[in-house]
Structures are given as C-alpha cells and as structure tokens.
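A.B. asks: Given next are the chains, with one letter for each unit.
Protein chains: 2
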Amino acid sequence: MMKSYRELSPSPRTIMTPGPVEVDPRVLRALSYPILGQFDPEFTALMNDTMEMLRSLFQTDNRWAYPIDGTSRSGIEAVLNSLIEPGDKVLVPIYGRFGNLLYEIAERCGAEVVALDKEWGEVFEPDEVIAAIGQEHPALVLMVHGETSTGRMQPLEAIGKACREQGILFVVDAVATIGGVPVETDAWCIDAVIGGTQKCLSVPSGMAPITYNDRAERKIAARKKVERGLLVPGDAVSGNRRPAIQSNYLDLSQLQDYWGPARLNHHTEMTSMLYGLREGLRILLVEGLEERFARHRRHEAALMAGLEAMGLTLYGNPACKLPVVTCVTIPEGVDGEAVRSMLLSSFGIEIASSFGVLKGKIWRIGTMGYSCSQKNVLHVLGALEAVLIRHGAALPAGEGLQAALAVYDA
Amino acid sequence: MMKSYRELSPSPRTIMTPGPVEVDPRVLRALSYPILGQFDPEFTALMNDTMEMLRSLFQTDNRWAYPIDGTSRSGIEAVLNSLIEPGDKVLVPIYGRFGNLLYEIAERCGAEVVALDKEWGEVFEPDEVIAAIGQEHPALVLMVHGETSTGRMQPLEAIGKACREQGILFVVDAVATIGGVPVETDAWCIDAVIGGTQKCLSVPSGMAPITYNDRAERKIAARKKVERGLLVPGDAVSGNRRPAIQSNYLDLSQLQDYWGPARLNHHTEMTSMLYGLREGLRILLVEGLEERFARHRRHEAALMAGLEAMGLTLYGNPACKLPVVTCVTIPEGVDGEAVRSMLLSSFGIEIASSFGVLKGKIWRIGTMGYSCSQKNVLHVLGALEAVLIRHGAALPAGEGLQAALAVYDA
Numbered sequence: 001m002m003k004s005y006r007e008l009s010p011s012p013r014t015i016m017t018p019g020p021v022e023v024d025p026r027v028l029r030a031l032s033y034p035i036l037g038q039f040d041p042e043f044t045a046l047m048n049d050t051m052e053m054l055r056s057l058f059q060t061d062n063r064w065a066y067p068i069d070g071t072s073r074s075g076i077e078a079v080l081n082s083l084i085e086p087g088d089k090v091l092v093p094i095y096g097r098f099g100n101l102l103y104e105i106a107e108r109c110g111a112e113v114v115a116l117d118k119e120w121g122e123v124f125e126p127d128e129v130i131a132a133i134g135q136e137h138p139a140l141v142l143m144v145h146g147e148t149s150t151g152r153m154q155p156l157e158a159i160g161k162a163c164r165e166q167g168i169l170f171v172v173d174a175v176a177t178i179g180g181v182p183v184e185t186d187a188w189c190i191d192a193v194i195g196g197t198q199k200c201l202s203v204p205s206g207m208a209p210i211t212y213n214d215r216a217e218r219k220i221a222a223r224k225k226v227e228r229g230l231l232v233p234g235d236a237v238s239g240n241r242r243p244a245i246q247s248n249y250l251d252l253s254q255l256q257d258y259w260g261p262a263r264l265n266h267h268t269e270m271t272s273m274l275y276g277l278r279e280g281l282r283i284l285l286v287e288g289l290e291e292r293f294a295r296h297r298r299h300e301a302a303l304m305a306g307l308e309a310m311g312l313t314l315y316g317n318p319a320c321k322l323p324v325v326t327c328v329t330i331p332e333g334v335d336g337e338a339v340r341s342m343l344l345s346s347f348g349i350e351i352a353s354s355f356g357v358l359k360g361k362i363w364r365i366g367t368m369g370y371s372c373s374q375k376n377v378l379h380v381l382g383a384l385e386a387v388l389i390r391h392g393a394a395l396p397a398g399e400g401l402q403a404a405l406a407v408y409d410a
Numbered sequence: 001m002m003k004s005y006r007e008l009s010p011s012p013r014t015i016m017t018p019g020p021v022e023v024d025p026r027v028l029r030a031l032s033y034p035i036l037g038q039f040d041p042e043f044t045a046l047m048n049d050t051m052e053m054l055r056s057l058f059q060t061d062n063r064w065a066y067p068i069d070g071t072s073r074s075g076i077e078a079v080l081n082s083l084i085e086p087g088d089k090v091l092v093p094i095y096g097r098f099g100n101l102l103y104e105i106a107e108r109c110g111a112e113v114v115a116l117d118k119e120w121g122e123v124f125e126p127d128e129v130i131a132a133i134g135q136e137h138p139a140l141v142l143m144v145h146g147e148t149s150t151g152r153m154q155p156l157e158a159i160g161k162a163c164r165e166q167g168i169l170f171v172v173d174a175v176a177t178i179g180g181v182p183v184e185t186d187a188w189c190i191d192a193v194i195g196g197t198q199k200c201l202s203v204p205s206g207m208a209p210i211t212y213n214d215r216a217e218r219k220i221a222a223r224k225k226v227e228r229g230l231l232v233p234g235d236a237v238s239g240n241r242r243p244a245i246q247s248n249y250l251d252l253s254q255l256q257d258y259w260g261p262a263r264l265n266h267h268t269e270m271t272s273m274l275y276g277l278r279e280g281l282r283i284l285l286v287e288g289l290e291e292r293f294a295r296h297r298r299h300e301a302a303l304m305a306g307l308e309a310m311g312l313t314l315y316g317n318p319a320c321k322l323p324v325v326t327c328v329t330i331p332e333g334v335d336g337e338a339v340r341s342m343l344l345s346s347f348g349i350e351i352a353s354s355f356g357v358l359k360g361k362i363w364r365i366g367t368m369g370y371s372c373s374q375k376n377v378l379h380v381l382g383a384l385e386a387v388l389i390r391h392g393a394a395l396p397a398g399e400g401l402q403a404a405l406a407v408y409d410a
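If you read the protein sequences in the order shown, they are chains R and S. Residue numbers are given in the numbering used here: position 282 of the first sequence equals residue 282, and the series is strictly consecutive. Residue numbers are given in the numbering used here: position 261 of the second sequence equals residue 261, and the series is strictly consecutive.
Bear in mind the hints are in silico, worked out from the structure with no lab data behind them. If you're wondering where the values come from, they're calculated on a predicted model, not measured in any experiment. There may be inaccurate statements among the hints.
Identical copies go unnamed one by one, so any copy, or any two together, can satisfy a pair.
Unchecked claim - Straight-line Cα separation of at most 27 Å, DSS-like style, residue types lysine-lysine; simulated pairs:
no., residue 1, residue 2
1, K321, K375
2, K225, K89
3, K3, K161
4, K3, K89
5, K89, K224
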C-alpha cells in the first residue's frame, strides 16, 4: 500500500529574515502560469524583457545582464569561475560570513587568495582596501556589498575607481542589497555584480541575476570553449588561448551565447522562475528605484526606533549599517532560539539567528522587498515584546510600538 | 518616462517536445503558494517528504536522494564534480548529443576521458561497453539512459553489473527517462543517477533530482572540505585526504549536510520549486509508477501508428527506441523549420528539431508526463497532417488519426 502524502498547505508566515522573504502575490501568480517552450518566440521575448529590466536594476549600460539558473550562490560561482583563472591573485576583504564564501569559492577556482580581515560589525575604510591593492597587485578584488551576517554595508565607489585605474577586475556580491539599496554598477566602476532574487526583489530563491561589462567579457571570451555536443562535422574545436572555464553549467561564455541572439542551446531555461523574475522586476520598476529605496529606509527607521524604545541594543557600528537588515543583541539571560521558536509557533513570524562567532549573540531582522511594510514592522515589534516578556525580560511595555508609530507619523 | 512592460500572458501551448513539456496544473498551483523560510520546520518536513518520494521514483534504498538546485545539467555537473577526481580515468560510451555533454563535463572535472562512439540512431550492445571497460579499466563509466537527441534508450543492467563486479562507479543520466520509463537504480547496480524535472515529471525546469549510494558517498566523503565561513574559532580546518571538489555550489558533500539532519546552511533552498517538485512526485506516486509507464507506452504506440499511417518514416533503430520520444524523418523537399513554425503559429503546438548531424534531418516529438495524453497525440497528428499538406507533401489524408484512434480502441 502506497504511503499517501499530505496536501501541500503551507502556513501563512510573516517572514522578517534577511531572506528568503515573502513573495509578492503577483509574482506567485506569475509562477502559476502555463509554461512556454524555452525557444518559443514568446518566451525568448520574455527573456529579452528580463535582460532590459535587469540593466535598469543594476544601473548599467552593460550588454550582459541576465539570471544564472540557480540560487544566489550559483551566480557568485558563475562569475568567479568565469573570471578567475587558476593562479590568479585575488584579494578578498572580509567583514562577515559571505566574504568568507567569496574566499572559499575563489580558492576552489584555483586562485591564489589573499584575505584582508576586518572585525565583524565593522566595514573597511576604502583606503585600507586601496592600500592592500597597492601591496598585493591582485588581478581581481572581490567584495560583499551588504553583509547579512553582521548587517553591515561596505562603501564601494572609491575602491571601484582605484581598481579601474589599476586595471583590476572588481567583483561585487550585491545579493542582499539589490532592489533595496542603490547599487550603481557603472558609476562605482564595478566590473561584475551578482544579485539575489529572494531578498529585496521578493521573488523566490532560484535565480541569480548578474551583470558584467566588456572588461570582464574580454577575459571570459579568451577562455571560451565550444561544447563537444554542439560541434558539427567540419567545425574546428576552438583552440582557446587561456585555461578553459572549469564549470560547464556556470560558464558565462556559453551562457551569453544562450542569452544573446545566437540562442545556442545550453541548459533548459527555468521557465516558471523566469516568469517570476520578470514579474518581480516589472513590479520593482513600476514602484520606481528611488521610491523603493526610500521605502526600505522608512521601515528600517521605524523598526530601529521600536527596538531601541524596547530597551534592546542594536549590534554593530551604526555608521555602516545595512539598511535592510537590523541586528539586535540578544539580552543577557534570554535564550535566543527559544524566542525565535515562540515567535514562529505563536505569531507565525520568522526572524533569523546568525553564523559563526555571532551564533547565539544576535538576532537578525530583515526589512526586505515585499516583507518591508508597516504591517510587518508593527507585527514583529508587538510580537517580540510579548515573547520577551514571556521569557522574563524586563521591558517598558508598549513603548516599542509607540516609537515605531511615531516614526510613521513623522 | 519609464518604459512599461506588457502584462505576463503566455499563449496556451500544446508542448510535444522532448522537454520542457506541459506542467500539471496541480504543480502550477503548488508553485503559487506563499513561501516558507528554508529552515522553517514545515519546510524541512516538505524537504524530507521529497527525499522519500524520490527514493520511490528512483527505485532505490539509497539514503541520499534529493534535488540539486539548478536545471538537469547542474545535477549532472554536481555528480561528476563530486565523483571525478582530477586524473581519474572515465569511460563515456556516446550515442548522441547528451553523451557528448557527459564527456565535456567530465573533461572539465579534470578526468582523463575515453569516449566510445556509436553511430547515432543506435545504442551499444552491453558487451561492447563491457569489453571497453576490460581494456580501459576506468574509475567511472558514464552513460545516458534515454538520449533525446536521437530518441534511443540504452539497456543498462548488464553494464551496471559488470561495473559493480570490477569496483567501477557507474553513473547514469536518466534526465529523459525518469518518471516515464523504469529506472531501477538498485537492481541495475547504478551508483549515481541524475533525473530531470521538466520531462516525464512535468514539473518546470529548475531542479535536478539525484540519488547515489554508499559507494559513491565514500568517494565524496574523502573529498569533504568544511566551508571557510562555517568554521567556528577552535575548529580545525578539515584536512581532506583527497583533492577537494572544485565546485562549492555543486559540492555533494556540502549538499548532503544541508539535506541531512545536520541542516548545515549552504544555499537558500528554492522554496517554490521544491513545492512544485514535491507536488509532481506526489501526483506521480498517486498515479503509480507501473500505470505511468504503461500510459507512456500507450500514447507512444498511438503516435507511432498515426505517423506511419501518414506515410512518414520513423528515424533510428526501432529495437532501442526511447518510448517517450519519437523521431520522424523530415520528408524530402519539406522545410522542417517551416513546418515547426506553422505548427506553433497556427495550432499552438511545439515539436522539436534536433542537434548536430541530425539538424534539419528529423523532428522529435515527445510524449512525456502531462503532455503524454490522448488529446495531445490526436491534436499533433491532425495538425501535422494539415501542415504537411499545406507544405506540398502528398499524404493519405485522414489516415493518421484513424490509425491512432484504432490503437486507443484496441
């Protein structure tokens, strides 16, 4: 007798983590539309729309802006795999967990990786990075824009300009910031950027939008290798001058031939996810980038005011706070995981813990995309107060919500 | 003034390609449900359901059966990256385009790859492969089960048993066959299998279900490397004995720690795609594997009878025909692409062309998953007849549908 599985029926959640966050219902609807074949002209038109909208999102004139078919991490790996040749010297200034991930992936690409470490809760002074560049003469510099593990944001413009002057490729992980905070690819001289869908874009995890300029493309083109299965008798196997890209799935030289007019077969495009991404981008552009950034700032201010009025301490240097993630020090004597668990089970609210040295020390509350709303901010403040009181914390009851409401009234 | 983008409104299609095919409406509905956080206990329960259902699908008792977050190609690369160490000798018997892809990916993993080539339209006698194994003594043998480029299916059991006796890892690409044709992982002694979602499972492209046994796991475990960002002060960096897996995103040693009880953070699971995959698997198990395989055989028979009654010639050796793909020789003097184009524009039907040496020579018609239905088979036969007549082909009008209906009546 076959085991029968329960009907899918997910409980409604208020998701206030640094991602994944709640998905806009219009995006959920887009996911449910019947699919088109990947080479159907109607579908390739949707792919082209998506590229165009991504250029607006990334604030770039780059030719190449398209999603990698995988989670954000796949986008990072696609860019690093394609841009790092074995033996390349790579500088990675690290100020949190996701800087470590850049280091880790660069190492697996065969790079000679130099880490520059910064105490968690801070970011780098641009001059510190520029000095290290002068010492190390790397071929690439890799940095995280918004570090969700610590809730910090790194200023990039001065570093980008220094890299450009010295002919160094500057690669930025903007997974957490894209769509919530300005990411000015061209103005900041970034050669390749990786974004995420499941955070400020409020599209489910599953694609990683990237963009890269012609400086990056030249390095990729020199490593191009025609796939064995696509050679036609008479074709010469391409004699690539530089070491081939080690991944096939994440090979940008092949992917751009698929996203470009050649439409060379590679993977089977994720049709439903593409519907969702296109819809998420359309919604974002209808709202407007500036309006969207201002919305993220407004709800961040209300959340911070509420948390501080409750007597909680925010973690990290406020001068470099990431606007879309607020980190809260877990009060002495309170079991952080018990609080998270009760928030979820009693209030249907999810907030996040953190990683490594911050595990058990802070909570992380996201205000990203569709989750970044007055309703959600007020809901989390009220619930957190109740749960903390339930866990024996002494709080000025009622103050958190009043402080947040005052911000909204201002 | 911002450019405005058209509302998403895909035209209804009858998709009779070898994938992607039409998605079951229940799966589309599942995609549209609000998401859960990736570590929400409700969500991890859905992940566990999915693993259990995948074991039934793969007909295996393997502990590890879970999806890779990417298209089918990412599943292939994850398995090959994790199982092939640089310098490993790998035998790839090739009888179509997707065998070439296995070769290509194995080469990028640093393998010493030996190809065994077979004329397209045929498959290997198991003894040919076993003899090559005896000569080459590879560490791994990689084969495609169902080759959609030529519409052929390779018998695997004897090859699997020979590999097992000689301690060789046997890896099978069952992307095209899983859920439409029996794939008996354990009985056929396959060490690792990669399936596809967008074909006989009728879930959109975006995940690649895989399974592997403890023989494969031992090789993966020996290459395990703890990610830099997950080390806690005091942890020793793991001294892996064997060369580390070159991909981080597609590293099965990390992925199994995420899918297993440790739930170690890796990527952000594709929540909506997981809903879809779980629903697709649930539907498949409710239908029953045997019933589903029989359904695929029934509609294949009707389609073949209809095509032959129209006077068309089927391509390839019938003894090794892949039941879920029927290849048709494009009649002399007919422009294959003009026919495909009219089928799409006038009838909303998509059928496929082929690759490499078969480009312009054959059409490929899929009968997979939700697309594999009497309604669709009859629709494609009627439409193809009309379009061929419109293109000047001399056909016995009306015969195709009558022959197919006769099969359904039998």
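A.B. asks: When no copy is specified for K89 and K224, does a C-alpha distance of 27 Å or less occur within a copy, between copies, both, or neither?
C.D. replies: Both ways: K89 and K224 sit 21 Å apart in one copy and 24 Å across, limit 27 Å.
A.B. asks: What label fits K225 with K89 when the C-alpha limit is 27 Å: within, between, both, or neither?
C.D. replies: both (23 Å within a copy, 22 Å between copies)
A.B. asks: With 27 Å as the alpha-carbon cut-off, assign the pair K3 and K89 to within, between, both or neither.
C.D. replies: Cα proximity of K3 and K89: none, with 54 Å in one copy and 42 Å across.
A.B. asks: When Cα atoms must be at most 27 Å apart, do K3 and K161 count as within-copy, between-copy, both, or neither?
C.D. replies: For K3 and K161, the Cα distance exceeds 27 Å both inside one copy (60 Å) and across copies (31 Å).
A.B. asks: Is the C-alpha distance from K321 to K375 at most 27 Å within one copy, between copies, in both cases, or in neither?
C.D. replies: within (23 Å within a copy, 58 Å between copies)
Hint violations for this structure: numbers 3, 4, all remaining hints satisfied.
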